[in-house]
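One letter stands for each residue in the lines below.
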Amino acid sequence: MKKIIAIVLCGAALFSTYTANAWGGFGHGSIAYMAEQHLTPEAKAKCRYYLKHTLPYYASWMDSWRAIPPYNKTGAHSFSANADGTVNWDHGKAIGNVNRIYNSMKNGKYKQMPDSLVNINLKILVHALPDIHCPVHVGFSKKDFPQYKYSLLRKGKPFGYHTFWDGSPGFKRRWNYARYAKEVDVISPKQAKKIVKKGNINAWGEDIIRQAHRCYDITLKGTDVAYMTNEQKEAVWKLADEMALKAAHRLAYVLNDIFKE
Amino acid sequence: MKKLLFIVMLAFGISTASAWNVTLDEGILKLAVKNLSIQAQDELFQYLGDNYRDDVHYLYALEARKKAKHSKEIHYLHLDSEFRPLATTTANDDALKAIEAAADIVRHRTQHPKGKVLEALRTIINLMCDMHNPGHVRIEGIPHSQQDFTVTFRAADMGKKMSETKHAKWSRFWSFAPNGFTSDLWVEDIEACNGHRRAEFSKGTLNDWAAEVGKFAAKNLEEITPEAVLTLQHRNTLTQEVTCDWVARASFRLTVLLNELFK
Chain A
1 MKKIIAIVLC
11 GAALFSTYTA
21 NAWGGFGHGS
31 IAYMAEQHLT
41 PEAKAKCRYY
51 LKHTLPYYAS
61 WMDSWRAIPP
71 YNKTGAHSFS
81 ANADGTVNWD
91 HGKAIGNVNR
101 IYNSMKNGKY
111 KQMPDSLVNI
121 NLKILVHALP
131 DIHCPVHVGF
141 SKKDFPQYKY
151 SLLRKGKPFG
161 YHTFWDGSPG
171 FKRRWNYARY
181 AKEVDVISPK
191 QAKKIVKKGN
201 INAWGEDIIR
211 QAHRCYDITL
221 KGTDVAYMTN
231 EQKEAVWKLA
241 DEMALKAAHR
251 LAYVLNDIFK
261 E
Chain B
1 MKKLLFIVML
11 AFGISTASAW
21 NVTLDEGILK
31 LAVKNLSIQA
41 QDELFQYLGD
51 NYRDDVHYLY
61 ALEARKKAKH
71 SKEIHYLHLD
81 SEFRPLATTT
91 ANDDALKAIE
101 AAADIVRHRT
111 QHPKGKVLEA
121 LRTIINLMCD
131 MHNPGHVRIE
141 GIPHSQQDFT
151 VTFRAADMGK
161 KMSETKHAKW
171 SRFWSFAPNG
181 FTSDLWVEDI
191 EACNGHRRAE
201 FSKGTLNDWA
211 AEVGKFAAKN
221 LEEITPEAVL
231 TLQHRNTLTQ
241 EVTCDWVARA
251 SFRLTVLLNE
261 LFK
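Taken in order, these protein sequences are the chains called A and B. If you use our numbering, the first sequence corresponds to residues 1 to 261, in order. If you use our numbering, the second sequence corresponds to residues 1 to 263, in order.
Be careful, since some hints might not be right.
[As the list claims (entries may be wrong)] In silico DSS-like cross-links for lysine-lysine, where the CA-CA straight-line distance does not exceed 27 angstroms:
#, chain 1, residue 1, chain 2, residue 2
1, A, 109, A, 198
2, B, 215, A, 52
3, A, 73, B, 166
Don't read these hints as lab results, they were simulated from the structure.
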């Protein structure tokens with residue numbers, strides 16, 4: 001038992017503290033579901049071996065465990081952007097976790113880890129990699145972007161900007177994961193290749209930062225989410241779906257790369 | 001209006017006080033059917049339609065439409081302190097006895113109208129799921145198992161927000177149903193998690209299975225009481241890492257029972 005706790009703590013020590021909420025259960029599950037469709041047979045078999053479940057089963061695992069030590073050290077959701085659009089790695093938090101886990105496992109290094117650590121690392125990756133793709137999980141400093149600090153409204157009452165975008169993939173949709181994948185994951189292999197950028201996580205971060213600015217043009221100050229026009233809803237879904245799709249393909253890329261023989 | 005409400009309830013997996021949600025139970029049935037012998041599949045398909053959602057929560061649907069002749073206790077196992085079926089219950093108010101009665105109808109299906117056999121099959125399917133839910137067992141000598149109670153849990157030693165107290169009903173405590181799962185995904189997940197334990201889980205008789213759920217529930221009811229406050233860790237482990245084993249048992253054993261009935 002002590003050995004297990006020590007292993008968990010070692011894995012947890014790699015990471016920093018959590019900050020805010022997540023994509024929402026539906027968004028996370030849908031991304032994991034789409035990612036699983038793009039796994040190589042080898043990667044899928046390895047994920048099943050270590051997780052003993054499908055990826056969607058554990059898509060929100062981190063959200064339900066992040067209040068519990070030692071996992072409270074592993075639950076970062078966001079990362080900070082510099083004013084010039086680059087990733088602030090000093091406050092990288094979530095993107096730093098993704099980077100660290102990926103690098104610590106690839107090139108066959110996962111084989112040196114106890115199964116329990118691979119299991120926890122996978123649960124964190126399945127959640128944290130999609131998390132950094134949520135547009136509101138990019139931290140823009142108040143000094144550089146003071147115009148981004150506002151709340152929305154819902155039926156006239158203040159409603160969290162972050163809360164709204166966290167739930168954006170499932171906003172006004174009663175879909176399941178399979179339906180979401182069918183509607184959203186419709187890109188060609190060539191487009192998918194462009195999205196994964198050969199696994200360059202810094203490039204992913206800069207891409208996410210660029211896209212994150214868009215949400216502030218879609219849901220402007222004073223927007224009441226209960227009374228959005230169809231045009232506004234379409235714009236929300238377009239951005240949310242683009243980011244979810246990128247997250248899914250990048251997650252699949254990372255897992256395929258880790259478990260390639 | 002009632003019909004519309006019923007359709008809406010089925011569509012969104014809302015059924016009155018059900019043990020597991022309709023999508024999960026549909027996954028349990030799909031996997032059970034997948035594992036049936038060809039002969040049993042052929043026989044079963046003479047009765048069941050294409051839409052399993054109508055079959056898996058049949059008894060709950062009757063209750064929602066106020067057409068049930070049974071008591072709501074039919075969704076629960078009633079066991080004595082030795083985990084044997086309680087002598088005082090009947091097929092109208094006990095899951096095990098209702099399954100046995102329905103199995104008898106299916107076994108002698110040539111003597112019954114097709115509608116009655118279908119009703120019996122749906123009863124078996126609904127209750128095989130229910131009886132494997134550890135929150136659906138009444139055990140003699142354990143007073144707080146005799147009626148539903150509120151389970152309280154909280155995350156200890158965390159910030160203000162995370163030390164909030166949360167609640168769940170015991171009858172629904174043993175569930176982990178991520179929003180958006182499809183029944184096909186459940187099939188895949190059950191196989192991924194417990195496919196290798198199918199032979200192990202399939203052993204035994206209806207009474208053995210009931211006793212096994214009873215013993216497990218009793219063990220947990222020692223710690224989980226109306227007064228107790230669980231840690232979030234305890235709750236998460238039980239719901240996320242243990243419930244799946246009972247889901248798998250329900251599916252694999254449903255296969256065993258249907259194979260036997262259609263032999």
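The hints, checked one at a time:
1. Between residue 109 of chain A and residue 198 of chain A, the direct Cα distance comes to roughly 19 angstroms. Compliance with the 27 angstroms bound is thereby established for this hinted pair.
2. The hinted pair formed by residue 215 of chain B and residue 52 of chain A meets the criterion: a straight-line CA distance of about 25 angstroms does not exceed 27 angstroms.
3. Of the supplied pair hints, the one linking residue 73 of chain A and residue 166 of chain B holds, its CA atoms being roughly 22 angstroms apart against a limit of 27 angstroms.
The structure is consistent with each of the numbered hints, conforming to all of them.
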